[in-house]
Every structure is written in C-alpha cells, then in structure tokens.
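Protein chains in written order, with the numbering used here: chain A, 623 to 1040; chain B, 1354 to 1759; chain C, 262 to 498.
If you are wondering where the hints come from, they were derived from the structure by calculation, not from laboratory data.
Keep in mind that the hints are not guaranteed to be accurate.
Result set (PhoX-like, lysine-lysine): computed pairs, CA atoms no more than 25 angstroms apart in a straight line [to be verified]:
id, chain 1, residue 1, chain 2, residue 2
1, A, Lys988, A, Lys914
2, A, Lys925, A, Lys759
3, B, Lys1655, B, Lys1426
4, A, Lys925, A, Lys802
5, A, Lys895, A, Lys846
6, A, Lys914, B, Lys1506
7, A, Lys846, B, Lys1506
8, B, Lys1459, A, Lys802
9, B, Lys1749, C, Lys314
10, C, Lys291, A, Lys1031
11, A, Lys1030, B, Lys1376
12, A, Lys925, C, Lys416
13, A, Lys802, A, Lys846
14, B, Lys1745, A, Lys925
15, B, Lys1593, B, Lys1437
16, B, Lys1557, B, Lys1426
17, A, Lys1030, C, Lys280
18, A, Lys925, A, Lys1030
19, A, Lys973, A, Lys998
20, B, Lys1745, B, Lys1376
21, B, Lys1459, B, Lys1426
22, B, Lys1561, A, Lys878
23, B, Lys1593, B, Lys1426
24, B, Lys1593, A, Lys878
25, A, Lys869, A, Lys846
26, B, Lys1437, A, Lys914
27, A, Lys925, A, Lys914
28, A, Lys914, A, Lys998
29, B, Lys1459, A, Lys1031
30, B, Lys1561, B, Lys1376
31, C, Lys291, C, Lys314
32, B, Lys1655, B, Lys1557
33, A, Lys878, A, Lys866
34, B, Lys1593, B, Lys1376
35, B, Lys1749, B, Lys1655
36, B, Lys1437, B, Lys1426
37, A, Lys914, A, Lys895
38, C, Lys314, C, Lys280
39, A, Lys846, B, Lys1557
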Amino acid sequence: MSGGLRIPFAGWLSWRYAFSRSNRHRTASFVIMLGIAVGMAAIITILSLMDSLQADLLDQIKSVESFHLQVENITGGSTSQTVAQIVEVLEELPFVESVVPFIDTKILVQNRSSNRSTTARLRVIPEQFWQMDTPFKHQLVSIAGNPPSEVSISLGYYLYSSLASRIGDNLDITLLRPGKTAVLAPFTLSVTVGGLFQTGLSDFDSNTVFADYSAFSAIVEADKVVLGLYLDEQHMDNSQIVIKSIKERLPEARVKTWQQLNNAFYSALILEKTIMYLFLFFMFIIIGVNIKNATSRLLFVKKREVAILRAIGAERRMTSSVFILQALMIAAVGQTVGIATGLAISTNIGKILPWLNDVQYHITHKNSPLLMYPFKTTVDGWEILAVVLFVFSITVFFAFIGSHRLLKKEPMEILYHE
Amino acid sequence: MRLVSTYWLYRRLLFPPVGFTVKRRRLVSSTTLIALVMVPLILALLFMDGMMGGITDKYIMLQDGHIQIHTPKILFTGDEEVQKIDNRILKADYVTEGFGILYSQKNTVEVRIKGVDVSYFNSARLSQFTTEGGILERTGNLMPVMISSSSAKDLGVGLGDRLAVLIVPDMGEAAVRPLFTQVTTIFDSGYYQLDTGLIFMDIKDTIKLFPAASSARTELLVDSRDLDSIDEVLDSLSEKLSNPYRFSTWDAYNRSVYENFITSRQVILMVFLMIILVASVYVSSITGEIIQDDRQSIATLKAMGAGNPLIRRAYFHVSLSITVFGVAIGTGVGLLFGTRLSELMTFLSNSGLPGLQYYLLDFPLTVSWGDIGLVAFSMMVLSSITVLFALKRIGKISPLELLQQS
Amino acid sequence: MNSNQTIGAETDKALLVFKQVSKEYASGEKRLMILEGLDFSLQNGSSVAITGKSGSGKSTMLNLAGGLDIPTSGSVVFLGRNLAGMGDRELSAFRNRHIGFVFQSHILLDDFSALENVCIPSLIHGEPLPVVRDRASRLLSRVGLEDRINHFPQKLSGGERQRVAICRALINNPPLIIADEPTGSLDEEAASHIENLLMDMVREEGKTLLLVTHDMQFAKRCGSVYLLHNRNIEELS
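Okay, chain A solo, but in the shape it has when bound:
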C-alpha cells in the first residue's frame, strides 16, 4: 500500500521539525548541533593526540626495548641445538621477520676519569644486528662513534651524560655471574666507550649499555640468552599464531608478548585513555539533556499537528518516531561538522599549537612544554565510528525520554474538545 514512501515522508517531516521555527526550536537545534560539533572535534583531537603519543611510545618500546616477542629458556636445558640453529629455525617461521639473540644483565658502571658511577642494564646483542633493517634501526639514532664491537660499548645518551663520559673513555663494568663457590659473584672488566645512541625513551637511554654478543656471551650467563623476535605488521600486536608455531618447535620455551612484558605500562595507557573517554562521555550527557528538553518542547508545541497527522492516517509509530528522527538528524549534522573540524585540527596540530604557544608567551613570557611538544596525530577510524554510534545512542535515548511521556497518550485525544 504505502510501504515505499513511508520512510521518506517521516524523514521529510523530521527534517522540517528539526529546523522548525516554532517555539524557536531552530535555535535550540543549532545550539545542540554546536555542542555536538564541539564535543566531536574535542574527542577527535584529544584522542588522535593520545593515540599518536601512545602509539609512538609503544612503537619505541616494541622496537628497542622488548621486541614483539621474547622467547626464553630456548634450549630448555638441552644441548642438542645451538642458539644459532634455533635462531635459524625461528627465522623460517611465517610472519617472523627477524630473530635477535640477546642477554640482559644488571651492571654497575664506573667512570674513573669523572669519578661518577651508577647502575645500568647491559644488553648484549650481535654486531650485525645494528646493520639489519629492523624497527630497532629505525628508532635508534647513533649520535656519535660506532656501534658496539668486540672492543667497545655504546651508551645511551642520558647515561653518557650522568657518567660525564666521552668517546674513548674507559669504564669499569661490574656484573654478577655464577661463581666457583658462590651462587653469584661480581666480575669487573674494563671497556671503552665507542659510541653514543639515543631513542625516544629517556628511561632506556639513561639505563642501557649495548655490548657485542660475540665478545660478551662468554662473560655473561650464556644460558640466559633470550631471543627477540620482530614480526610483520599484521601480527606484531596479535601474535598467537606465531606463539603456537614457536611452542611446537620449542616446547620448553617460554614466550612472552610485548604486552605481557610491559603489562603495567600498557595497562596504565589503557587506563588513561578510558578516563579520557569518561570525561568526554560526560560532555555528551549534558548535550543529551539539552536534546531531551528540546524534544519535549517541540512535541508540546506540535501536539495538535501530530493529532491531525494521526487523524489523516499517519500511524502511531511513525508520529512517535519523527521526534527521535529529528534529534538524530540534528546529531548527524553536528557530528559531521565536528568530525570535519576535528580532522582539520588534528591534521594541522603542528601549526596550531606553536601559534597558541606564541599567544600565551606574550602573556606569561614562558614557553609551555605542552604547546611546544612536537605532537603528531593518529586518527583511528574505528574509534571515531564508535564515538559516532555512541552519540547516536545518547541522542536516541534522550529524545525518547523527552517524547515518551507526552506520546504515551493518544495524540488524537486533544481533538476531543468537548
């Protein structure tokens, strides 16, 4: 009968009602749209900044600190396979891009020439790793000197500064290793500072010394060797299938993902993002109340019109849905404007923040570390979609609350005027 055009008519009616001049509903609609646009732009900008910062940090961690996967206890106590053989086996696994044997151990470092000392972490890796095309190479910048070799080590920038060392200085490194009579005994050796590196992780740079695997594997506990694996982009964050393959070949091995290795930190990042979501969600609740008020007022004003629509044959469901639909249209326009604005701000954040810094500098005469930070932005389409759906849900909910009570009664009852 009238199936084909029912929806378009309801849509047409909703659109007119959304921008109806009755009772200044148009003004209310624009205010709501503005609120939604501001909220969306804020969410997109803040989340894209957070996503970028977090992604950057996590990328650094995965690339230089923990790799995508770490495999411990690789020999399982057996001597049937050497480390090199095991590396070869793992390199052949699908989705594995490279395998790096390394050993981490805690050390004391002394610089006799500057009389400074501190604790650090010694990471022993193969020399050829520095030339391999891996995420490590892309994230770590060699500032001075050479990568570690048989005769020299490389220091992180902040560690280098705290020891007040220079390239060519001799440092005493003391580490613990199994003793003849004692479980662990200290062992001191002298090394030369051959190079200086820097990453984006200040903690890493203030705590790490790189040394060559072939020179040091005999000195440190060789059975503590761990294999660091880099996976392809598709599997670096979701590596279950690779873990399964590794376990099949090395049943005694313990495999840890980067998420497990950085559990606390990763969890803290998720917590921060969740809290940010909650705050921004709160903003939309206020807008939702605005929607409820505006919808109630619109329905109150349009009661007689709804009655006549019912009288001339409009179904009850259709007339009820008009008020929710008009709110959805307002939300859709507001979201579109907000998304466009948010994307524009995110894309140009590198110009906007320095400008804001200049403005506030004229007042405070101090640079703001926040505004001067070289932010990049990462826009996650799925996140935006989730927010869009959430805003639509809020809109439907509050529009329903705003219209529900008034629509409980049959609208045509106002025509029974006697």
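Given the coordinates of chain A, work out where chains B and C should sit on it, guided by the hints.
For chains B and C alone, coordinates are given in the frame of chain A:
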C-alpha cells in the same frame, strides 16, 4: 526604583509561585544538572591535586628534600642550627647516595642506596610510608638495610633475611666486593615508581662505602606553608653560608617528573574547560527557554513601560543564580564525596589492575581552593557570556505579541 | 422524538452505521455518559448535519464516525467493517483513504507550505510527490489559492487556512468528509465563503458529508438535519 523593579522581577522568576510547577521543576532540574556537572570535576580535581601533591611529597620526603646543598661537608649539627639561618627550614639531614645491585637467589634489583641517620625519619617522613620492623635496627654484625615491599617481593626476601648488595666501591679500591646486609625494615610508600629502586642504609655504613666527595649532600625540608618562597630561602642560605655551595631544588632535581605533572594538569584543565563550555551553553539554552515561555509576560511588561535593560538584568540574574547555586551545591557535594575518596582508592588498589602502579592511590585529601575557584569561576564567566546571546531575544519581543493568540 | 431510530432504507447499503453506540468518559472519579444506545446510518452520497447544544456529544459522534475514538459499547460500521475491530495500522490506513477531516481550527502544519500541507495525506499513503503536487495544485486553484500555494500558514488568513484544510481533506478522494464546525472560528464573510465552497465541492465530487454545526442556516443546506439530545439522536423535520 529600577533596581527594586529588577529585584522584584528577578525574585518572581527565581521563585515562581506555587502552582507554576513546570517553571519550578525547570529551575530545580537546571540547578541540579549544573551541580551534577560540578561533582565529578571537583572529585577529579581532588584526585589530581591529592595524587600529584602526594607523589611530590614522597619524592621530597624520601628521596630529595626541598633543597639540596651539594657539599661533602657536614654543615649543620642539628635542626636548630639551620633554623637560625632561616626559620622556614624545618630540618637538615646529612645524607649520602650511591647505586648498587641487590641480589638474592631469586632475582637482582638495581637500587639507589640512600645513607641516612635514624633521625632522618621524623614524623613527617614516617607518615609517608608504612613499615615492618624497627627502622635500620642493627641486630647483628650485618649492615641493616631498609628495602621496599616491592623489592622484597621481587627478591623473595623478608624481614631478617640476608641480602647481598653489590655497590660501586670507593675509587681507591681495585675490585668490587659484595656486601652482606640484613633486611631489618620493609617499607611501603604506596608509590611503586619511587619504592622500586630505593633502599635506605645507615649513614655510618654508607659513608665508608661511598666517597663522600661525590655522594654526600645536605637535604633541607622547608615548612609546607613557605613552599612558595623557596627562592627566598635559597637566597638567605647563600647569604649566610660562608662558602658558595651549589644548591638545587626538588623540581630541578626531578625535571621530567615535575614537567609531567605540569603537562598533565594542563591537559586535564583543558578537558574541564570543554565540559564547562558545554554546560554553560546548556545554561544559555535554559535561559532561552524561560524567555520564550515568558514572552507574553515580557510583552506585557514592555507594554507597561519596562525597558529592555531592566528585563535583561532580571533574567541574567536568574541564570547567574542557577549557575551559582548549581556550582555551590555541586562543589559541596563533590567535597563531601571527596572525604570518601580514600575508600574508592582502596577499592581500586585492591582491584589488581597492573597499570595502577604508576599512580599513587593513598594520599591525604588536598583541597586546592585555587583550582576549585578556577573551575567555579570559569563556569560562571562562560555561563554569563553564553547567556548574553539568549538575552538578545528579549529585545526582539514586542508588546504586539500580547495580541497573538496561543 | 423517538430514540433508537434506525434511519435510512437499508442499513447494509449505508456508508456508515452506528449500532447501539454508547460512549462514556471518565471525569475524575465520575463517569460521564455522552452517548447512549445510539443508532444511526449514513447513506452514500448524502449530506447530514448534526446540531445540538454544547456538550450534547456532537464532536464525540464525529470522532467515533471518523475512527478517532472507539465506542464504549455498540459498533461503528463503515463500508461493512467494524472500526473497533481494526488495529492501529489498519485504522490509520482506513482513515487515510476513506475519510477527509475538516476541523474548526484547521490545524495546518506550520513548517509546510499550503501546497505541502495539502499533499500530506497522499504522501502518508505513499504516493510520489510530483504526482501529488499536481493534484494538490489543481485543488488549491479551485479554491482560489493558486497564488498562495507556497505560502506558509502563518502568512495565510483564517479563511485561507480553512480552504487549504478542505483541499487536504479531498486530496485522497475519500468517500466521506467529516467537518466539525468548519466555520466556527471565521468571521461572517469568510464563513459564508467556506460554507459555499464546502457544499459545492462535496456536491461536485459526489462525496458524503457529515457536518457538525451550530449554524442552522448552514445545517439546512444539508439533505438531513439531526439533533443530538439526551445522549441520543433524532431527525429534525
């Protein structure tokens, strides 16, 4: 007379007579919503200020003091002596600091070793952590050591257990020797980031282990009421101490932590500002509704000779009152809930979420009236500005509207 | 006066039949009986005026006839179908196709032009807008509003709005027009125009008219005049 008229109209608008249920309900619900907006903002501020203040206090009390004087000389023999220089200084402690590795059968942990006298732990410092065991109580031949509960857990040791420490020796020695210590105290400050990697030893032991020239300094604690005048304290120290020593303050010593706090505060306050902006637009919306519903009354007033400024003032004050009441109620309720914040923090700390180790969840309630005032003031200012747009409508209402049929 | 009179030759050929219809409303704790055991039938192509004092139940009777309300007891049968037995969807569609309403206060949609207001019943039915627009345009021309088709209700006078309402009632070519005090809120001159318009269009289109009015002069222009009195109806000779 104009003020009287404005006041009369304002009162009628703010307190509608009995029977005007819709109007009353609207005023109450608007005030309630503003209050509900304020409550989480206040709670968040209490949490943020409390946590940052708590973390700062822990760094200051347990790690660095307010002011550090870098000299191996023992400058003060007692607190009274330093208070003569400046009575804003509460305490002076001679400390040494070095680095080492703790190791047990289970694990190794890198640590910063702080050598202190038992008198270091005054009531202010003791309030920063809980302890098990007597503080650095020497019970045998081994050097007493005070480690954190997180380090104890990592190392698999408890009170009374022996622990080996590998330290960087005096530069005169050729070889590094491990030392054996005894765990006499286990402390927990509640802030993992500080606890992990910090141990205390008796300064009588550490002075032999670490060269004083590079490891010793004097830490000063300043009265919390005088923290804004630390620069003045530094000036009086420079003036009165005979030699030109190198000074540093906590924030300079922990630049990255300090800047992190500043940045986090700025981001959070920016988000608050956006929420307040949306809330103030809501106030404007409500004002617009009130004016729209009263347009016949406004037309009548105009027909009787009331001018736009009088009417606008009355409605402006109504909106401002809604905001002020809402802010006041919300702040009060927020502060009230804030007294229960510790229970929420306890619940969170028992939740086992690993990420929480980067937060401090046990801190005293800190009410930063400046921050609360800023948030409240922002709400009122922004609401006042947004309401001005709604008030423009009053100018467009003509007495002719009296002739309109509903 | 006879109550419970069955009027008309054969009720099974009637367009609309009321069979022992009663209607009561709740008013606080009291119950108000408006109609009681009313029997009435309306023949196809006839024009009937209902009169009576205020509160006699005229509008109630029209509401029941138009399917806007349901009787407390009895049945309202339209083209052989009991209206009370229909669900909302069916009843809405029924009203849309078979009844055109003209109310005292016209009730046009403020956000739509005169032309769009006339189109609405057909759009509800699902007809394409371009087709309906032509038809609506022609109707509005017939009532002398060809120059006002794009005007919004706020820009039309009371009489012009009522003319739009009449066109809206006719757009779907319904067999029955129900008019409840169509001239009640108009001045004498405008009322006269509307009366003439309504009667002419009903006659030209061959519609059945059920009219409620206080105006006896207007009522006498219909084929029959009934009086609602004491909760029931009787024909006035």
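Check: Does the structure break any of the earlier hints, and which numbers would those be?
Finding: 1, 2, 3, 4, 5, 6, 9, 14, 17, 21, 22, 24, 26, 28, 29, 30, 32, 34, 37, 39
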